[in-house]
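Note that the sequence shown covers residues 1 to 162 in our numbering.
Think of the hints as simulated: they come from the structure by calculation, not from any bench.
Misleading hints may appear alongside valid ones.
What the hints assert, rightly or not - Think about it this way: if two alpha-carbon atoms lie no more than 27 Å apart in a straight line, the pair counts; the simulated BS3-like pairs of lysine-lysine are:
no., residue 1, residue 2
1, Lys105, Lys79
2, Lys105, Lys50
3, Lys79, Lys54
4, Lys105, Lys54
5, Lys63, Lys50
6, Lys79, Lys98
7, Lys54, Lys73
8, Lys73, Lys50
9, Lys73, Lys63
10, Lys63, Lys98
11, Lys105, Lys73
12, Lys50, Lys98
13, Lys105, Lys63
14, Lys79, Lys63
15, Lys73, Lys98
16, Lys98, Lys54
Stated by the list, open to error - Estimated spans, in silico, between C-beta atoms of each pair:
no., residue 1, residue 2, range
17, Ser46, Ser135, 20 to 26 Å
18, Leu151, Cys130, 34 to 40 Å
19, Thr102, Ser137, 19 to 25 Å
Quick caveat, the model's predicted, so the values are computed rather than measured.
From the three backbone atoms N, C-alpha and C, an ideal C-beta is built for every residue, glycine too.
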Amino acid sequence: APPTWCQWGCSALKDALSDSDSDLGSTEQLDQGSTDTLANGCRADSEAAKRLAKRLYNLEGFKRCDVARQLGKNNEFSKLVAEEYLSFFDFTGLTLDKALRTFLKAFPLMGETQERERVLIHFSRRYCQCNPEESTSEDGIHTLTCALMLLNTDLHGHVSSS
């Protein structure tokens with residue numbers, strides 16, 4: 001069966017991620033005793049979220065493939081981390097495809113379907129924040145983002161139709 005837009009994994013926007021293979025499969029743990037812990041995911045500590053987002057963005061103690069896993073978690077703390085992480089990106093004046101390429105150059109978008117979906121929702125929200133004059137709603141931007149991912153999969157998926 002042909003892949004859906006949610007099955008593209010590391011090949012998303014192929015040229016944007018061509019150098020990511022060396023980071024795949026590695027995992028990094030937060031330091032023991034760190035205040036940035038995500039173990040229970042219940043704490044919504046703004047300062048800890050800012051610190052963790054900065055560490056993720058600068059890849060301090062993390063590999064590129066760890067970023068999506070952290071941003072895609074479904075809890076309040078991870079939502080704060082994702083919001084802070086996305087604040088490092090300025091998509092002002094960029095077309096949606098260029099903004100998405102810029103975003104996906106930072107890390108390979110991997111993980112469960114729901115995790116990738118949450119990351120793309122965060123991206124869509126940030127794109128709208130950077131481009132308030134855009135007449136398309138956040139939901140519309142998200143739909144277009146998913147369509148771009150699907151088109152990219154169709155273009156670069158190399159799936160035979162047998």
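To see whether the hints hold, each was checked on the structure:
Distance hint between Lys105 and Lys79 is fulfilled; the C-alpha atoms sit about 21 Å from each other, no more than 27 Å. For the suggested pair Lys105 and Lys50, the alpha carbons sit about 21 Å apart, so the restraint of at most 27 Å is met. For the proposed pair Lys79 and Lys54, the alpha carbon gap of about 14 Å is at most 27 Å, so the pair holds. Distance hint between Lys105 and Lys54 is fulfilled; the C-alpha atoms sit about 17 Å from each other, no more than 27 Å.
A distance of roughly 18 Å separates the Cα atoms of Lys63 and Lys50; the hinted pair therefore holds under the 27 Å criterion. Between the alpha carbons of Lys79 and Lys98 the distance comes to roughly 24 Å, so the proposed pair stays at or under 27 Å and holds. For the hint pairing Lys54 with Lys73, the CA-to-CA distance comes to about 17 Å; that is within 27 Å, so the pair holds. Note on Lys73 and Lys50: the hinted pairing holds, with a Cα-Cα distance of about 16 Å set against a maximum of 27 Å.
Restraint check for Lys73 and Lys63: the C-alpha separation of about 17 Å stays at or below 27 Å, so the hint holds. With a C-alpha separation of about 23 Å, the suggested pairing of Lys63 with Lys98 holds against the 27 Å cut-off. Of the pairs offered as hints, the one joining Lys105 and Lys73 holds, with about 20 Å between alpha carbons and a cut-off of 27 Å not exceeded. The suggested pairing of Lys50 with Lys98 holds, with an alpha-carbon distance near 26 Å, which does not exceed 27 Å.
Under the criterion of a C-alpha separation no larger than 27 Å, the hint pairing Lys105 with Lys63 is consistent with the structure, at around 13 Å. Taking the CA atoms of Lys79 and Lys63, the gap is near 20 Å; set against the 27 Å cutoff, the hint holds. The straight-line distance between the Cα atoms of Lys73 and Lys98 is roughly 25 Å, inside the 27 Å bound, and the hint therefore holds. In summary, the hint linking Lys98 to Lys54 is supported, as the alpha carbons are separated by about 23 Å, within the 27 Å threshold.
Checked against the hint of 20 to 26 Å, the pair Ser46 and Ser135 fails, with Cβ atoms roughly 32 Å apart. Judged by the Cβ atoms, the range 34 to 40 Å given for Leu151 and Cys130 is violated: they are separated by roughly 23 Å. At roughly 21 Å, the beta-carbon separation of Thr102 and Ser137 lies within the given 19 to 25 Å, and the hint holds.
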